[in-house]
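First to last, the protein sequences are chains A and B. According to the numbering used here, the first sequence is numbered sequentially starting from 1. According to the numbering used here, the second sequence is numbered sequentially starting from 1.
Since the hints were made in silico from the structure, they are not lab data. Don't be surprised by glycine CBs; every beta carbon is placed ideally from N, CA and C. Take these hints with a grain of salt, some might be off.
Stated by the list, open to error - Calculated from the model, a selection of chain A residues having no Cβ within reach of chain B, i.e. all distances over 12 Å: (1) D45; (2) T46; (3) T278.
What the hints assert, rightly or not - Once the Cα atoms are required to be at most 25 Å apart in a straight line, the calculated BS3-like pairs of lysine-lysine come out as: (4) A:K2 - B:K75; (5) B:K80 - A:K372; (6) A:K150 - A:K129; (7) A:K150 - A:K372.
To be verified - Quick list of simulated restraints, FRET-style, between CB atoms: (8) B:E76 - A:D66: 16 to 26 Å; (9) A:T427 - B:K75: 35 to 45 Å; (10) B:E76 - A:A132: 49 to 59 Å.
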Amino acid sequence: MKESRYNTWLDDGPTTYVHNGFSGRTVSMPLSQREPTRRFIAGDDTVTIDPALIDTLVDARAIVADHADELDLLRQRYERTRRNRGRFHLTIVPSLGCDLDCPYCFEAKHPSLLDDDVETSLLRLVDQKLSAVRSLGVLWYGGEPLVGLKSLLSLSDNFIARCSAAGVAYAAEIVTNGHLLTAPTARLLRERRVEAAQVTIDGPPEVHDRRRPLAGGRGTFEQLLANVTAVAGILDVTVRVNLDTANVGEAPRLLEILAAAGLAGRIGVYAAQVVATTANPLAPSARYATACLSRTGFAEAEEQFTEAAARLGFVTAGLPEPTGAPCTAVRDNELVIGSRGEIYKCTETIGDPAEVIGNLRNWPQAGDRLSKWLTYDPFGDPECRTCVALPVCMGGCAYHAMTSAAPDTRCSTFRLRTEQQIRRVVTGRRGPSALRSPTAGPS
Amino acid sequence: MSDGTDTSPFGRLAVRGPHAQPVPDEIGWAVDIIVAYLNGFTDGARKASELQTKPIDDDAPAPQGLPAPAGRSAKETRAKVEAGLAAMTDDLGSSAGGRPCTIVTGRLVRSGMDVVLLWGPGAAEWLELALKPKKKK
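In isolation and in its complexed conformation, chain A is listed as follows (with noise of 0.2 Å):
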């Protein structure tokens, strides 16, 4: 036997934790175990251990046969669950056009409204798909999705019932900015099966109104903070907050606003990383660059948001969980669909031509440009290989592994506060509870 080599070890006081990346899972032992255990591990069997202790640490995969490769074991998960045949994913932009004119956003933005020839086109496509797959899952996403609001409510109408008469299950979720999400658009969704609504506020008032106005200039708070709380018991609200250097300071503020809102305990909030992506210069991202947190100070802002929002009594993001392929990109049945019918792989190239992998008129037709992504081996980098939050992170973002000037804002933060995340979820385990990690895409 020996060691995983996706172990983290702590002492918490009395208590030792030992963390596993690749089975998601954490044992607890006494400290005075830790020593001991180890011991045996190594091969020394003239120690005291706990039988039934050893038995949970090979459960939990802490303890793995002296011949298993897990690297190797991961790269079959991860192709496994690249090729997922039983599941067909859209994301889908009804509008590329946006009423916020936010200066970081990574799409180069126009007014286009899916019209009633790629709704007929998307059609087509998931009735060629739905005798294969046993669910459909849906991302509206924008530009600005509810500009797009009749397009999304049509094309839901038709997924539903095509689904239904197929024996498919179906599911949906949105991304959107807020300033349009009413509670009676929010019923409108809930009855088209979106369960899940991410909106992103930045900051106190002054700060979020400077970072995310509307495209003639005026605040959006106010009416984003009303709609939150309005449709928060319609759908599951998860508040996303984008930190860079002009709002990291302020975050806590907004926390304390959404909470005497009454809003703790009633919708999720996590940060995330402002990134002045350049390879579209068209989008306003790509004259972001210098308010930009490094990824370790995004690292240490976002555990101190954390914090701060479980202080609060929100629900905050656990330890991130074991996964396959990470993301719509990387994986075979998922597709982006732009708002004029074109193709993409990846949400962060929505609205850029050169990432145009196809389009739903000739849809599917092999070239290049798919095969970029389906090709991406986040095990041929020496750093993943390497790296003790591979089995969380996968690679991360192969996007930005392509293309980023600084390439480490495609790993998970885990990678780079291991044990400070397992400590916070280890030390947090008699406050609020903690939920998944946030997957929906950025915004």
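Please build the complex by placing chain B on the supplied structure of chain A, with the hints as guidance.
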């Protein structure tokens, strides 16, 4: 997905995704226990008596730090563990990683409600299919 207020005869609660849900106190209390399990805490430090979790904890490993069972030495433990590891044929456990689908059941002492939680890769989709009314022939 349940919003925690449905009237399913199963008293089911499907927790998935990163999203917070407002739930009644009784269900929230159960979620606290279940989420602790889902987060991978397999130890015995969940204060079973305090939280009345005994039915749920029945399947949990015994609290650690107890004296070793009489007669089981380090050498015997090693032999047992090595045999178990050698017998493992599917190291992946599941197609999506992590643990295979797991059913956690428990009867809440205070409410008498059954909680059945199915967790694992594709669990929500599986549950939706399983609970979907069958077409009459």
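Against the structure, the hints come out as follows:
no. : hint                       : verdict
1   : D45                        : violated (4 Å)
2   : T46                        : violated (7 Å)
3   : T278                       : holds (29 Å)
4   : A:K2 - B:K75               : holds (15 Å)
5   : B:K80 - A:K372             : violated (47 Å)
6   : A:K150 - A:K129            : holds (24 Å)
7   : A:K150 - A:K372            : violated (34 Å)
8   : B:E76 - A:D66: 16 to 26 Å  : holds (19 Å)
9   : A:T427 - B:K75: 35 to 45 Å : holds (36 Å)
10  : B:E76 - A:A132: 49 to 59 Å : holds (51 Å)
Checked against the numbered hints above, the structure breaks hints 1, 2, 5, 7 and satisfies the rest.
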